[in-house]
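K.L.:
I would like the entire structure built from these sequences, with the hints used as guidance.
Below are the chains, spelled out letter by letter.
Protein chains: 2
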Amino acid sequence: MAGIDTSHPYVPRDLHLPDFVPGFLPQSTILAVYGLSSFLVVSLVWLISGRAPKISKIDRLLMCWWAFTGLTHIILEGYFAFSTEFYKEKTPCYLAEVWKEYSKGDSRYAARDAGVVAVEGITAVLEGPASLLAVYAIGTKKPYNFILQFAISLGQLYGLAVYFIASYLEGDNFAASPYYYYAYYIAANASWSVIPLLIVIRCWKKISAASQVQDQKKSKAR
Amino acid sequence: MAGIDTSHPYVPRDLHLPDFVPGFLPQSTILAVYGLSSFLVVSLVWLISGRAPKISKIDRLLMCWWAFTGLTHIILEGYFAFSTEFYKEKTPCYLAEVWKEYSKGDSRYAARDAGVVAVEGITAVLEGPASLLAVYAIGTKKPYNFILQFAISLGQLYGLAVYFIASYLEGDNFAASPYYYYAYYIAANASWSVIPLLIVIRCWKKISAASQVQDQKKSKAR
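Chains as they are written, first to last, in this note's numbering: chain L, 1 to 222; chain W, 1001 to 1222.
Treat each hint with caution, since some may be false.
As a list, the in silico SDA-like pairs of lysine to any residue whose alpha-carbon atoms are at most 20 Å apart [as the list claims (entries may be wrong)]:
1) L:Lys218 / W:Ser1208
2) W:Lys1218 / L:Gln216
3) L:Lys217 / W:Ile1048
4) L:Lys57 / L:Leu133
5) W:Lys1206 / L:Ala209
6) W:Lys1205 / L:Gln216
7) L:Lys218 / W:Thr1091
8) W:Lys1218 / L:Val213
9) W:Lys1054 / W:Tyr1182
10) W:Lys1141 / W:Asp1059
11) L:Lys141 / W:Gln1214
12) L:Lys141 / L:Lys218
13) W:Lys1205 / W:Ser1056
14) W:Lys1205 / L:Ile48
15) W:Lys1217 / L:Ser219
16) L:Lys205 / W:Gln1216
17) W:Lys1220 / L:Gln212
18) W:Lys1205 / L:Tyr136
19) L:Lys218 / W:Lys1088
These are calculated hints, taken from the structure and not from any lab test.
P.N.:
Spelled out as structure tokens, the structure:
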């Protein structure tokens, strides 16, 4: 049938991906590498931050989160943002495999939808390094640590909102099956909606409280 | 020539806009209405805030900005986000005229590009009402006023970044002429890059300073 491209596993089926090369690694391998590296990063940050004096458990957990999300943004999303033809990759490059696999849940990645690439580019270039700065800022109790965490989390939420709303407006038909829709498009993005939201609320409260303290001090000084 | 649609003034010329109805109002009228209403809003907020005690001039200017940008987000961008077929509007509806005219600088508006509609939707629904809340928060010196201004300004900058980057990725060929490119696409958006950036920097400093004061107070309390 005309317009149907059988060389790739993505939906919509009429998506044109010339020279597409199927993925080499099974889903389990891709997930295991990501899971194990993330576990390693989180464990390292947890252990190292535990040796520093007076860092609360919640701050140590936040340092783990920022290290994990920062490296994900820089490495995984950074690769995607600047690899215009990852789906043509002929060798089993792990980063290309990740996006060949994830595109089953959202083919806008393989199709290089401009909105998706714009959001991923901002995430990789600005939010990635800023997340690593947050690890440092929390560890050294910088006065800007809350506003920095607030800014990055808000950026993550904004990016996710654009990502989901644009997909909805375009018909929400980019997943190869309901399994990939829920496992990749919904579940894999869930952490980046819940955790940033919790951080935004926490930082909002902390910052408002600090402003109140400063206002009271000013009033007393008069 | 096939694929060329001569019924609309937008670029790319092969953009398909069935039942397009040309604008009725001249550019000067559209700009005059927007300019005068904005002047009225800004003057009103300036005068009213001047009667309240102890609001600094910079805070009064910020209240004017938030009232102006909030109403622009809610009314103009709100209309666009939810009017899927404004370009078919047969009567001289002012809001439809605005977007028929602006589309000469960026035809993604008439074409209802998903990324643009997503950004405009978030701006209208979240940032618009939040901007009006900022007018109130500054006027009543709420402890959350800086973090609120910071959050909205960051959202505006994020939206603008997605807006410009996505256009660049799609070939940056959406303006009917260089005049419309620079007057509408560049100049009309300039305020929403410069002013939010200044507010973000100011709030970052204020919030970091407040956190430092709180930290010192905590250290003393020990």
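K.L.:
Compare the structure with each hint and give your call.
P.N.:
How the hints compare with the structure:
1. L:Lys218 / W:Ser1208: Holds. Lys218 of chain L to Ser1208 of chain W sits at ~16 Å (cutoff 20 Å).
2. W:Lys1218 / L:Gln216: Distance ~14 Å between Lys1218 of chain W and Gln216 of chain L Cα, so the pair holds.
3. L:Lys217 / W:Ile1048: violated (28 Å)
4. L:Lys57 / L:Leu133: Holds: Lys57 of chain L and Leu133 of chain L sit about 19 Å apart, inside 20 Å.
5. W:Lys1206 / L:Ala209: With a Cα-Cα distance of about 13 Å, the restraint between Lys1206 of chain W and Ala209 of chain L holds, given a limit of 20 Å.
6. W:Lys1205 / L:Gln216: holds (18 Å)
7. L:Lys218 / W:Thr1091: violated (57 Å)
8. W:Lys1218 / L:Val213: Holds: Lys1218 of chain W and Val213 of chain L sit about 11 Å apart, inside 20 Å.
9. W:Lys1054 / W:Tyr1182: violated (41 Å)
10. W:Lys1141 / W:Asp1059: Roughly 10 Å between the alpha carbons, so the hint for Lys1141 of chain W and Asp1059 of chain W holds.
11. L:Lys141 / W:Gln1214: holds (12 Å)
12. L:Lys141 / L:Lys218: Since the Cα atoms of Lys141 of chain L and Lys218 of chain L sit roughly 24 Å apart, the hinted pair is violated (cutoff 20 Å).
13. W:Lys1205 / W:Ser1056: Since the Cα atoms of Lys1205 of chain W and Ser1056 of chain W sit roughly 17 Å apart, the hinted pair holds (cutoff 20 Å).
14. W:Lys1205 / L:Ile48: violated (30 Å)
15. W:Lys1217 / L:Ser219: holds (15 Å)
16. L:Lys205 / W:Gln1216: Since the Cα atoms of Lys205 of chain L and Gln1216 of chain W sit roughly 18 Å apart, the hinted pair holds (cutoff 20 Å).
17. W:Lys1220 / L:Gln212: Measuring from Cα to Cα gives roughly 18 Å; hence the hint holds.
18. W:Lys1205 / L:Tyr136: The hint holds at about 19 Å.
19. L:Lys218 / W:Lys1088: Since the Cα atoms of Lys218 of chain L and Lys1088 of chain W sit roughly 57 Å apart, the hinted pair is violated (cutoff 20 Å).
Going down the numbered hints, you'll see the structure goes against 3, 7, 9, 12, 14, 19, while the others check out.
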